[in-house]
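Sequences and hints are given; from them, build the entire structure.
Number of protein chains: 2
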Amino acid sequence: MTARIAIDCMGGDHGPSVTVPSAIHFLVEYPAAKLILVGQEDVLRPLLGSQVDNPRLRIVHASEIVGMDESPALALRNKKDSSMRVAINLVKAGEADACVSAGNTGALMAISRFVLKMLPGIERPAICAPLPTINGHTHMLDLGANVDCGPEHLLQFGIMGAMLVSAMEHKDRPTVGILNIGEEEIKGNEVVKAAAELLRASDLNFVGNVEGDGIYKGEADVIVCDGFVGNVALKTSEGLAQMLASSLRSEFKRNWLTKIAALIAISVLNNFKKRFDHRRYNGAILLGLKGISVKSHGSADVLSFGNAISRAYEAVENRVLERITGRLTQAQAIAVENV
Amino acid sequence: MTARIAIDCMGGDHGPSVTVPSAIHFLVEYPAAKLILVGQEDVLRPLLGSQVDNPRLRIVHASEIVGMDESPALALRNKKDSSMRVAINLVKAGEADACVSAGNTGALMAISRFVLKMLPGIERPAICAPLPTINGHTHMLDLGANVDCGPEHLLQFGIMGAMLVSAMEHKDRPTVGILNIGEEEIKGNEVVKAAAELLRASDLNFVGNVEGDGIYKGEADVIVCDGFVGNVALKTSEGLAQMLASSLRSEFKRNWLTKIAALIAISVLNNFKKRFDHRRYNGAILLGLKGISVKSHGSADVLSFGNAISRAYEAVENRVLERITGRLTQAQAIAVENV
Chain R
1 MTARIAIDCM GGDHGPSVTV PSAIHFLVEY PAAKLILVGQ EDVLRPLLGS
51 QVDNPRLRIV HASEIVGMDE SPALALRNKK DSSMRVAINL VKAGEADACV
101 SAGNTGALMA ISRFVLKMLP GIERPAICAP LPTINGHTHM LDLGANVDCG
151 PEHLLQFGIM GAMLVSAMEH KDRPTVGILN IGEEEIKGNE VVKAAAELLR
201 ASDLNFVGNV EGDGIYKGEA DVIVCDGFVG NVALKTSEGL AQMLASSLRS
251 EFKRNWLTKI AALIAISVLN NFKKRFDHRR YNGAILLGLK GISVKSHGSA
301 DVLSFGNAIS RAYEAVENRV LERITGRLTQ AQAIAVENV
Chain B
1 MTARIAIDCM GGDHGPSVTV PSAIHFLVEY PAAKLILVGQ EDVLRPLLGS
51 QVDNPRLRIV HASEIVGMDE SPALALRNKK DSSMRVAINL VKAGEADACV
101 SAGNTGALMA ISRFVLKMLP GIERPAICAP LPTINGHTHM LDLGANVDCG
151 PEHLLQFGIM GAMLVSAMEH KDRPTVGILN IGEEEIKGNE VVKAAAELLR
201 ASDLNFVGNV EGDGIYKGEA DVIVCDGFVG NVALKTSEGL AQMLASSLRS
251 EFKRNWLTKI AALIAISVLN NFKKRFDHRR YNGAILLGLK GISVKSHGSA
301 DVLSFGNAIS RAYEAVENRV LERITGRLTQ AQAIAVENV
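Protein sequence lines, in the order shown, are assigned to chains R and B.
Start counting the first sequence at 1; every next residue gets the next number (UniProt numbering).
Start counting the second sequence at 1; every next residue gets the next number (UniProt numbering).
Don't read these hints as lab results, they were simulated from the structure.
Certain hints may be false.
Some chain R residues judged to face chain B by a derived CB distance under 7 angstroms, without partners named [stated by the list, open to error]:
| hint | residue |
| --- | --- |
| 1 | Y30 |
| 2 | D148 |
| 3 | P151 |
| 4 | I181 |
| 5 | N189 |
| 6 | N231 |
| 7 | K235 |
| 8 | T236 |
| 9 | L240 |
| 10 | M243 |
| 11 | A261 |
| 12 | A265 |
Being a predicted model, the structure only gives us computed values, none of them experimental.
Glycine is no exception: its CB is placed at the ideal position from the N, C-alpha and C atoms.
Put into structure tokens, the structure is as follows:
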């Protein structure tokens, strides 16, 4: 099977100036992959250069663009010919195996859900992305699709996250933890407590509570949380990392002595930077849909957006959707047997 | 007025080996302050050395210790003579103006609340601590006392936080933001939306939503959130900072070349480290009580615990409690007028 990825080329802060070069790099790196570039043909075509005749690449025209600040409900209702909508339609129609967009997250969620529909047994989609840890990385979900989750949703997130990691990383029984707070008396709110019970009773490899600092200690392969908490944890991390990086830079720029120190330390600093480069972690999968829809950071650059395309490709190649669907069918069969 | 601080010397991971040296340093640094060291007298006295006759220092014996993992409810009920309880009792009795403990957070909350009682108009205490930002620092609350807050609690946190910053930092109208997530369609859960309305209608200097990354951008002087989210944000930050620091260390230790680079860059790295040293930010105030109770990180070292004592001292000297009480009385008077 050759994965075919549809790319919303008009989405994101930078639009085609980032998405098209990323797509071209990707085609070189993945010599079997096929891409469908979706967007305004007269804008996209000139950017393709010598790749314009690449048989693994085609353009599908879409006349409209979903704005980064546009209301998702309005984008869903009014922009039937947006690059985002058309890219998702291609997945639905079976012409693409996955789609990638750096556009408006809310609109991508709403349109993906409307067009692709939910998997049976899953009530809410979840945004799942990898985060670096001291010894590798972890996957966290939900990162912002749902602000009020019930215990059963968190259980579903656990199942989907475990199947994703199992498929993508060939781990047999990835560990699953639930994001919680540590004080004895108040260990979590009622939803988290009830969700922990469900996870414990499931056949997942549940390791219990993970506190905020446990995320980066790599205490679990998959960490579930509601979208409000997950989004706060993710953005807080981004903010802290940015502040530390900018402060380290300005310390090294303070005077000529520190500038010399920076020159000498540059390879060390670059290694450090590379290891935690957030661009390497770009590409969040919307789980729970009957299709693969990948969200890139809106501000992604060429390298970063390329990683989001790769994530979509790897998800298809590793049959993530089949793995999740299979696991859900099995869970339902057991549930029916137990009735 | 000379602030008198009661110290639970037995609390924390390290107990008197940290708390007593911190207390001695503090007395040198603050030549007007008075300290009451609470704990097992035969343990504390030998640690005082030449300070044993310092007229600004006295020991109050307490026979019991609240364990770090002890149930707060049991500690409250059974350990009437714990160093924690006795220190809080001293505040209640008017013998001390504030107390500081590095012990069990849940127990400190429960006992402080039981002994000191809540301020009129405040339904729940909140844990409030400073966090560094790119251009200074912010104060966040609640950091873990309450896992399920209603909108009116978040409003109360906003009032208390603003009065704290106003008193401690002599800011006339500190800005107040609410921690939220940014997706258009789902901007926050119902509680956060309703709380934002209340904050907007109040006379606070409310600046609206702050996303996770906005914490470190210094978007508000005070950021309110429920204790679950606040605790996750705080611990996630701690975890990320630890991972980055340990990784930077190991990059510089990789080989003899990088070790030389480290030697040359050491003053820059130390400046950087100092600026964000979490020990500088130790000392969370439990707001909403009829007395000042300060929580130190359990793992605090001498420097760190000293900062928690200083925070308690500054809170007393700057009349934080009077400021909060005055503001609440005023709010109630307006509320009565409007009936």
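* To do: Using Cβ atoms only, decide whether R:I181 comes closer than 7 angstroms to chain B, and label the hint accordingly.
  => 4 angstroms, holds
* Does the nearest C-beta of chain B fall within a distance shorter than 7 angstroms of the C-beta of R:L240? -> Holds: closest Cβ of chain B sits about 5 angstroms from R:L240, inside 7 angstroms.
* To do: May I ask you to test the interface hint for R:A265 with respect to chain B, counting a Cβ-Cβ separation under 7 angstroms as satisfied?
  => 4 angstroms, holds
* Asked: Can we keep the R:P151 interface hint, with Cβ of chain B closer than 7 angstroms?
  -> 14 angstroms, violated
* **Interface hint compliance - R:A261 to chain B, C-beta minimum distance less than 7 angstroms** => 4 angstroms, holds
* Does R:M243 pass the interface check with chain B, least Cβ-Cβ distance below 7 angstroms? -> OK, holds: R:M243 within 7 angstroms of chain B, min 4 angstroms.
* Can R:D148 be said to touch chain B, with a Cβ gap under 7 angstroms? -> Cβ of R:D148 sits 5 angstroms from chain B, so the hint holds.
* To do: Go through the hint on R:N189 and say holds or violated, using the shortest Cβ distance to chain B against 7 angstroms.
  => R:N189 check passes; min Cβ-Cβ to chain B is 4 angstroms, inside 7 angstroms.
* Quick one, is the R:Y30 hint okay against chain B at 7 angstroms, beta carbons? -> Constraint on R:Y30 not satisfied, violated at 30 angstroms.
* Grab the minimum C-beta distance from R:K235 to chain B and call the hint holds if it beats 7 angstroms, violated otherwise. => Where the cut-off is 7 angstroms and the nearest Cβ of chain B is about 3 angstroms from R:K235, the hint holds.
* Hint check, R:T236 versus chain B [nearest Cβ-Cβ separation less than 7 angstroms] -> 4 angstroms, holds
* Asked: Holds or violated: is there a CB of chain B closer than 7 angstroms to the CB of R:N231?
  -> 4 angstroms, holds
Checked against the numbered hints above, the structure breaks hints 1 and 3 and satisfies the rest.
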